[in-house]
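Make a model of the complete structure from these sequences and hints.
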Amino acid sequence: QSFLRDDGSQIVVDVGYGHIDGKPVGDVNIDTIKDKVASYTPVPGGVGPITVACIFDNVFVLQSYLDVLKPYKL
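According to the numbering used here, the sequence shown is numbered sequentially starting from 1.
Accuracy of the hints is not assured; some may be wrong.
Said to hold, decoys possible - Below, a list of computed lysine to any residue pairs in the SDA-like style, where the Cα atoms sit at most 25 Å apart:
#, residue 1, residue 2
1, Lys36, Gly48
2, Lys34, Ser9
3, Lys23, Thr41
4, Lys23, Gly45
5, Lys23, Ser9
Claimed, not checked - Each pair of labels, with its calculated beta carbon distance range:
#, residue 1, residue 2, range
6, Gly18, Phe56, 23 to 33 Å
7, Asp67, Phe3, 41 to 51 Å
8, Pro71, Ile11, 39 to 49 Å
9, Asn58, Val13, 17 to 27 Å
It should be emphasised that the hints constitute simulated quantities derived from the structure, not laboratory data. Keep in mind it's a predicted model, so treat the numbers as computed, not measured. Note that the Cβ used here is the ideal one computed from N, Cα and C, for glycine as well.
Below, the structure is given as structure tokens:
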């Protein structure tokens, strides 16, 4: 909480992941910040889909490079 400003303009991106009592939780205690920030990412379901999308994007970019370099038999 010491990192939060008083104006409520911050966005908290929780990328931590763990389990408490068998339930998935992040590193941020959402109940203590939800009224103090503009927005926050939930756990689970917050940044995971974005990570997957970025991985797929990187695979497609790599494939396009490999198609260009194929004649050089790397």
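Consistency of the hints with the structure:
1. Lys36 <-> Gly48: holds, 24 Å
2. Lys34 <-> Ser9: At roughly 12 Å apart (the allowed maximum being 25 Å), Ser9 and Lys34 satisfy the hint.
3. Lys23 <-> Thr41: holds, 17 Å
4. Lys23 <-> Gly45: Measuring from Cα to Cα gives roughly 13 Å; hence the hint holds.
5. Lys23 <-> Ser9: Given pair Lys23, Ser9 is violated - Cα atoms ~29 Å apart, limit 25 Å.
6. Gly18 <-> Phe56: 23 to 33 Å: holds, 26 Å
7. Asp67 <-> Phe3: 41 to 51 Å: This hint holds: roughly 45 Å between Cβ atoms.
8. Pro71 <-> Ile11: 39 to 49 Å: Since Pro71 and Ile11 have Cβ atoms about 46 Å apart, the given range 39 to 49 Å holds.
9. Asn58 <-> Val13: 17 to 27 Å: holds, 20 Å
In the structure shown, a violation is registered for the earlier hint numbered 5 alone.
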